[in-house]
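Number of protein chains: 2
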Amino acid sequence: MTELINSVEAVDVRFPTSLELDGSDAMNPEPDYSAAYVTIRTSGGDKGCGLAFTVGRGNDVEVAAVRALAPLVVGLPVAEVLGDLHGFSRRLTGDSQLRWLGPEKGAIHMAAAAIVNAVWDLYGRRTGKPVWRLLSELSPEQLVDLVDFRYLEDALTRDEALDILRRAEPGRAERTAHLLEHGYPAYTTTPGWLGYDDDKLVRLSKEAVADGFSQIKLKVGVDRDADVRRLRLARQAVGPDIRIAVDANQAWGVQQAIDWMRSLVPYDPYWIEEPTSPDDILGHAAVRKALAPVKVATGEHTHNQVMFKQFLQAGALDVLQMDASRTAGVTENVAILLLAAKFGVPVCPHAGGVGLCEMVQHLAMFDYVAVSGTHENRVIEYVDHLHEHFTDPVRIRDGHYLAPTAPGISAEMHPASVAAHSYPDGAVWKGKAGA
Amino acid sequence: MTELINSVEAVDVRFPTSLELDGSDAMNPEPDYSAAYVTIRTSGGDKGCGLAFTVGRGNDVEVAAVRALAPLVVGLPVAEVLGDLHGFSRRLTGDSQLRWLGPEKGAIHMAAAAIVNAVWDLYGRRTGKPVWRLLSELSPEQLVDLVDFRYLEDALTRDEALDILRRAEPGRAERTAHLLEHGYPAYTTTPGWLGYDDDKLVRLSKEAVADGFSQIKLKVGVDRDADVRRLRLARQAVGPDIRIAVDANQAWGVQQAIDWMRSLVPYDPYWIEEPTSPDDILGHAAVRKALAPVKVATGEHTHNQVMFKQFLQAGALDVLQMDASRTAGVTENVAILLLAAKFGVPVCPHAGGVGLCEMVQHLAMFDYVAVSGTHENRVIEYVDHLHEHFTDPVRIRDGHYLAPTAPGISAEMHPASVAAHSYPDGAVWKGKAGA
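So the protein lines, in turn, are chains R and Z.
So the first sequence is numbered by my numbering: it starts at 1 and just counts up by one.
So the second sequence is numbered by my numbering: it starts at 1 and just counts up by one.
Since the list can't tell identical chains apart, any single copy or any two copies may satisfy a pair.
The calculated lysine-lysine pairs, modelled on DSBU-like cross-linking and capped at a C-alpha distance of 35 Å, are:
#1 200 / 432
#2 342 / 295
#3 206 / 295
#4 289 / 342
#5 47 / 432
#6 206 / 289
#7 342 / 129
#8 129 / 47
#9 430 / 200
Treat the hints as calculated values from the structure; they're not laboratory data.
Isolated chain R (complex conformation) (with noise of 0.2 Å):
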């Protein structure tokens, strides 16, 4: 009997992270870190497990945008689905009721990523690998198949994908060992909220670089005097050969941000991240071209693999910060890490919330892998928190990620975690609001 998907399971799980003000910043006061968290079943009895990330009120509207894509994939063989996984992507993405939700963008795509992820995690676990493993083992071909080139092939053509992956080929086997050795380089947001006090913020800049970290990063744009003297504090706390990245989450206008970070610069901050809106790909070309060496960083908000390839052609970011659940999952960034390895710009990817380490750490690997194949100036974010409640949780060793082993992409959280953080009947949330 041909095995079907079964049920397409989200469940509303929020941890109350905001009484503590981990994960503030200039744009974010006071987070309470939530997943729509899918479960996906087979008829076989499999299962594969994804999650898009949000911050807390209207993860409810997120669980209700995957229920609105589940009847899209309850009931298809699960053969075809893994046979045809660009197909797959297209049919959440492109249904054309659903698309006018975005297209491609907000709560209904951040539905399909958790989906896809959790398609990804299915194939994984019938595989028996970690999904950056499963990627760097397809071939060229195979990886290509995923992409959906309708709107890129004015910056990429299927041939040029190719090329980076053919050339990216011979050296597969050597940097897979090389990966599960040493991990892969990592980067940590721990020391520097927002609502730190500078005690707190040069104890935990100090032990970063203790734990083996060449990188830190800063959250700043709030108060001006505040970012200035919390920099030169981290500076002299970490010395002037780890980098500091600086974080303003948006909250600046073009020409506000380029006056800020003049203020910044005499403590040699390594990258400006989200200098303005995310969706304003001139404004961070306008930035970048005005603040140079300080690269310019974006992308946990950049909503799909058009605006990458626009941000690229543009010449407006020098790290593409990908992340694992707002655009389309797995398969929209294959796309852009081979967008990202043509225009020769490092991923550095956005983690941190809740699974994002345990997801994106796989995109990162196999782009060292199987397309750009160095992590030279590349750095999967860090941020210490909530891990506990992954079944696969990430794994830090002098400040890199060691390769995930267990099969499929790490999304799974233990069942005691999903039934204690529901929202809003978990033991967690009894009697409390969110913020």
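Knowing the structure of chain R, use the given hints to seat chain Z on it.
Same frame as chain R, but now just chain Z:
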């Protein structure tokens, strides 16, 4: 006692239009025109109505998004809301948790549009004015106070916006009188849906001319030979002096758009609408450069003012098609009209669907009276469809929208229409599934 906003109600209203293939195009073969229909009520017994338009599935997600925003609105003093509509808009679009679902895009931004428009409707009712007139009687200072300049200042400053409005001020009374007498020019999409056969296309094209329209629109993008044939037939039917726009609804890649359109050029298309991804600013600029003097039009899926800013900065469009409920309603659309005026680009609003004609006419008429000061090369889209469900339906005479005179934004539906089309329990939907 202070009058408060007591409730924000959202209803899932759907019309089974897929049964007739009205509204069929290259990307929307079977739309069920729908609305997340919003009614705001105050403790003083006043109300305001607004809606977010969708095309069927997903309208429930839109309703969920409105409900997620509602707690930010219920309990606010009415005078405070109407006295600071800029602040009210930022309250909705800038909520630190909900904005993660956007920011300022997709389902959550459209939900903000529905609420913002309902508040403008309330404002119009309380002042006894249709919204176009209410806007046209605000001072330049009051109008620029509506605008969120944070991400716009590199293209439009507050002073420049003030200058535009002050230049138009002396002619306001004269243009208001002209509008009340002659109305505002319209064009019609009624003849050109893809689902119609050639005979119906020709017959409806001739009828449109006889009805006084000087522009019609054809959907294209599925079958190139058929598009050539249909445009040829339409051109023969209407003669050389009637403008024929064509609309690909995002069907093409950049080069494909250029190639396909070149086979239509012999039949003198006036504009090509949505040639490619609505997010592809640089792609539209390339299409425009290649196809001039054929004009490039887009906007119904342009999700916020930052995107419009860039379309204008990049010289990527000739015709700006604002939408009443894609960006965050009247307030954000005031900013977009000012941007268009700064760049000298005509605004020809997107309409059709459910209630879009009703709402958007207010914006075009305000533009004529108080912003651009002209309707040269400006037309509002018109589709003869579903107006009977509204209490203040658009009135068309000799190819012109007559200026609405009833207070508000014309988005209120008859209670019986709402009840019958409520999904899935209304009488129209009993025993039926959506397309």
